[in-house]
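Order-wise, the sequence lines are chains A and F. According to the working numbering, the first sequence is numbered sequentially starting from 1. According to the working numbering, the second sequence is numbered sequentially starting from 1.
Hint data in this document are derived by calculation from the structure and do not stem from the laboratory. Treat each hint with caution, since some may be false.
[Said to hold, decoys possible] Straight-line distance between alpha carbons at most 20 Å, and here's what the computed SDA-like set of lysine to any residue pairs gives:
#1 A:355 x F:154
#2 A:150 x A:134
#3 A:279 x F:77
#4 F:55 x F:70
#5 A:127 x A:110
#6 A:124 x A:159
#7 A:279 x F:147
#8 A:338 x F:57
#9 A:279 x F:6
#10 F:15 x F:35
#11 A:286 x F:59
#12 A:279 x F:23
#13 A:338 x F:144
#14 A:338 x F:145
#15 A:338 x F:23
#16 A:286 x F:147
[Claimed, not checked] Chain A regions said to be covered by chain F (calculated; three or more residues, Cβ under 8 Å):
#17 239 to 252
#18 298 to 309
Note that the structure is a prediction, hence the values are computed from the model and not measured. Note that CB positions come from ideal geometry on N, CA and C, so glycine has one too.
What follows is each chain in one-letter form.
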Amino acid sequence: MGLGLLASRALRSSSSRVLSTNPRYNLFRTIVSTPELHKPEAAAEAAAEPDLPKRTPVAGARVHFPNPDDVIEVFVDGYPVKIPKGMTVLQACSVAGVDIPRFCYHDRLSIAGNCRMCLVEVEKSPKPVASCAMPALPGMKIKTDTPIAKKAREGVMEFLLMNHPLDCPICDQGGECDLQDQSMAFGSDRGRFTETKRSVVDKNLGPLVKTVMTRCIQCTRCVRFASEIAGVQDLGMLGRGSGEEIGTYVEKLMTSELSGNVIDICPVGALTSKPFAFKARNWELKGTESIDVTDAVGSNIRIDSRGPEVMRIVPRLNEDINEEWISDKTRFCYDGLKRQRLSDPMIRGADGRFKPVSWRDALAVVAEVIHQIKPEEIVGVAGKLSDAESMMLLKDFLNKMGSNNVWCEGNGKNTDADLRSGYLLNSSIGGLEKADCFLLVGTQPRVEAAMVNARIRKTVRATQAKVGYIGPAADFNYDHQHLGTGPETLVAIADGGHPFSSTLASAKNPAIIVGAGIFEREDKDAIFSVLQSMAAKNENLIRPDWNGLNVLLLNAAQAAALDLGLVPESDNAIESAKFVYLMGADDVNLDKLPKDAFVVYQGHHGDNGVYRANVILPSAVFSEKEGIYENTEGCSQQTVPAVPTIGDAREDWKIIRALSEVSGVRLPYDTIHGVRSRIRTVAPNLLNLDEREPAAFSVSLKPESPKKVSKLPFGVMVDNFYMTDAITRASKIMAQCSAVLTKK
Amino acid sequence: MASVVKNILKSVREKGLVNFARELREEGFLNCLSDGNLLQTKIHNIGATVVGVDKFGNKYYEKLGDTQYGRHRWVEYASKDRYNASQVPPEWHGWLHFITDHTGDELLMLKPKRYGLDHKENFSGEGDEYIYHSKGHTLNPGQRDWTRYQSWQPTKTQ
């Protein structure tokens, strides 16, 4: 701040300089004539406006005025700032461009005001005030760089460092520690503390979060995060005074799917990542801004890598999708990227053993076999983690071979890709905050999409929105009503006979979220027509500015696959297949596949798919390739390669491109841009990166289904949150988590 | 000279001719025929006292009195054909070069127990496998594995 101030002062325009008494500007007086003597009225004008350099708000902070009457003006270091009523002094300062040091204050958590680091001086106030907890009042004169504020910060810092161990050289937070940074900026250069430091027993919070509680400065961010955002009442404050410590009241693990976020919000090294402990320093790491593919949310992440190795994954701010949190699966799945990798093309010999071969031989074998098979017996399945480019090529390749039996895992036989509103989260993830009544149909968002669940919880906490749930008994971290287990409850709500239907009818922005498990059900069309009839009755459900009919998808590839039209053509494609191309598909049930069928597995992990495969083609994982993924709300985003591919592996689309050439049906795409221009003709919305493309038509356009809903209750789609795909199944950390943390 | 011949005859009588001939070879007297340095050492040894023998078998001699100062300590290497100065272990080095009057056997107790390495002679020119190569060197047998991923190993199933 100080440097910026000086720089902007030096760059000040010369018009306001003339009245300055600063001796530095005497130099200019000799050069320019004295305009104030020639034009006295201009000089008076310049004197009227405050003689201060321009300041920009901290981190691009913007002010939104919901009500123009509630605008108040305060002065920060003499700068007038217009802010809405109810903002705190700290927020007013950040709008004015002054970054106040803080430990306990966090934008997304409630205000605690216990670290006292944010003390500023306010005129006519006898003592310095804690700016994070003090509401700004009209005309308040806030001073942030006076000797009193400086002395207050130095004093607070001295008290905080009194009981803080001198651990920095062996602390994992070193280099990204708020305490370290702020003690450099605001602390004293010597301490006066000669007594012994206190020590605190470390707590065991499970396999993900490492605790060194002696380093804790009792900011209570983690306590507030756990109770407010994660929705688990595990952490709390024990004791008073110097005996005060953070802990679980009884020996207990932190059982939240968002527990990893306490690592990020901890301003010191008290809570650090256990798998990352002593692995690397943050300044050695190369950050790559990418996208998570372990669920359909598409959380924005930064992949931190050192050389060829992914060292950790941390969240990236995206207000529309994941805010600044990510789930534990996203954060800790990275060790799965290094284990069980397929690094060479392999062919299964006559003895049933795999033998590493060259790419040329492997592709030649596949090309030879595929020409001997009738086109209708060729089947292609894209996996959960496939990117749009490779799915486009897979479909084009098999279409050229004469088959159209290409689909993506999770899109069962009843999926239809006709209308985008039929498979997207139409309200958008951020839009769920506007909803005041939720009906969850056959979906357990806590395990299927943890970030969507966090959004629902945020809404429920803020507005006491009602949540109804239809499906098997499940774990929720907010108040909900369990209405039933099967589709008949949904029918009852639609007919108006159910108590919940009046809640739904009176809601301003009702949101119905249907799980992707519905695609596997026979009565999918019937359930959709029930929802349609609800939309017809309740005009609030679908209107021009609100679409409350949502489908929550399960996999990262699903939305893009449906956009590209990857749906199965026939119901019993697997049973009659003679050639199966699995592109990373590990959860396809191949039990009914004929014994003589030829299976090609193109993927990155030796997971379920390889055990039936005849040929293995190694490909790249999401951290090694550039690929477009569309998330469940219809926002397409791109992964960026962070580390090189391993061994002989290649990017997925390149493998299919090479195979098509060897097979004699050359696909005309030589670069990824060529593939994308092909995607542009099929699904142009996929290329509209980082922008949500809402569905153009709503579900209600579809004709009613004559079928009846079945009595079959809704199933559980994700039975183990920590292990859902090839990467997470290969991960040791995830295996540990599911052994320790999942409820039996 | 006469006493030398007498001594030879005496030991031939004691050990027999075959044993005597073997000893002659092992002690390096045959090498003396082609190696003047060794011959000179052997002649030097006459009348000198053996101060000690190190664990490699090098013998350390001292002769005070009529010997020129600075030539009164020497070593007869255990190896009679390929010997060089680096075969002297560090504990004897000081004694041999007049740095100290303590013999190597006395200085052995100074060797660090925990991290002290065994003395190795200089293997330059003896072949790459004998030569020290630093940790990152391709020829270092203790090469670090820089592969940062673990490959899937095919197992014979079904």
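Tell me if the straight-line CA distance from residue 127 of chain A to residue 110 of chain A falls inside 20 Å. Judged against 20 Å, a Cα distance of about 24 Å means the pair is violated.
Between the alpha carbons of residue 338 of chain A and residue 57 of chain F, is the straight-line distance 20 Å or under? violated (53 Å)
Is residue 279 of chain A within 20 Å of residue 23 of chain F, Cα to Cα? violated (62 Å)
| Hint consistency between residue 355 of chain A and residue 154 of chain F [alpha-carbon to alpha-carbon, up to 20 Å] | holds (8 Å)
With the threshold set at 20 Å, check whether the alpha-carbon distance from residue 124 of chain A to residue 159 of chain A stays at or below it. violated (27 Å)
Original post:
Within a Cα-Cα threshold of 20 Å, do residue 55 of chain F and residue 70 of chain F meet the stated pairing?
Top reply: violated (25 Å)
(message) Against the 20 Å threshold, does the CA-CA distance of residue 286 of chain A and residue 59 of chain F hold or violate the hint?
(response) Between residue 286 of chain A and residue 59 of chain F the Cα gap is close to 61 Å, so the pair fails against 20 Å, i.e. violated.
Check: Taken at face value, is the distance from the CA of residue 145 of chain F to the CA of residue 338 of chain A at most 20 Å?
Finding: With Cα atoms ~14 Å apart, residue 338 of chain A and residue 145 of chain F stay inside 20 Å; holds.
message = Check whether the Cα positions of residue 338 of chain A and residue 144 of chain F lie no farther apart than 20 Å.
response = Holds, because 17 Å separates the two Cα atoms, which is no more than 20 Å.
Are there at least three residues in the region 239 to 252 of chain A whose beta carbon sits under 8 Å from a beta carbon of chain F? violated (count 0)
**Prompt:** Do three or more residues of the region 298 to 309 of chain A come closer than 8 Å to chain F, measuring C-beta to C-beta?
**Reply:** holds (count 3)
Within a Cα-Cα threshold of 20 Å, do residue 150 of chain A and residue 134 of chain A meet the stated pairing? This hinted pair holds, its Cα atoms lying about 18 Å apart.
The earlier numbered hints that this structure contradicts are 3, 4, 5, 6, 8, 9, 10, 11, 12, 15, 17.
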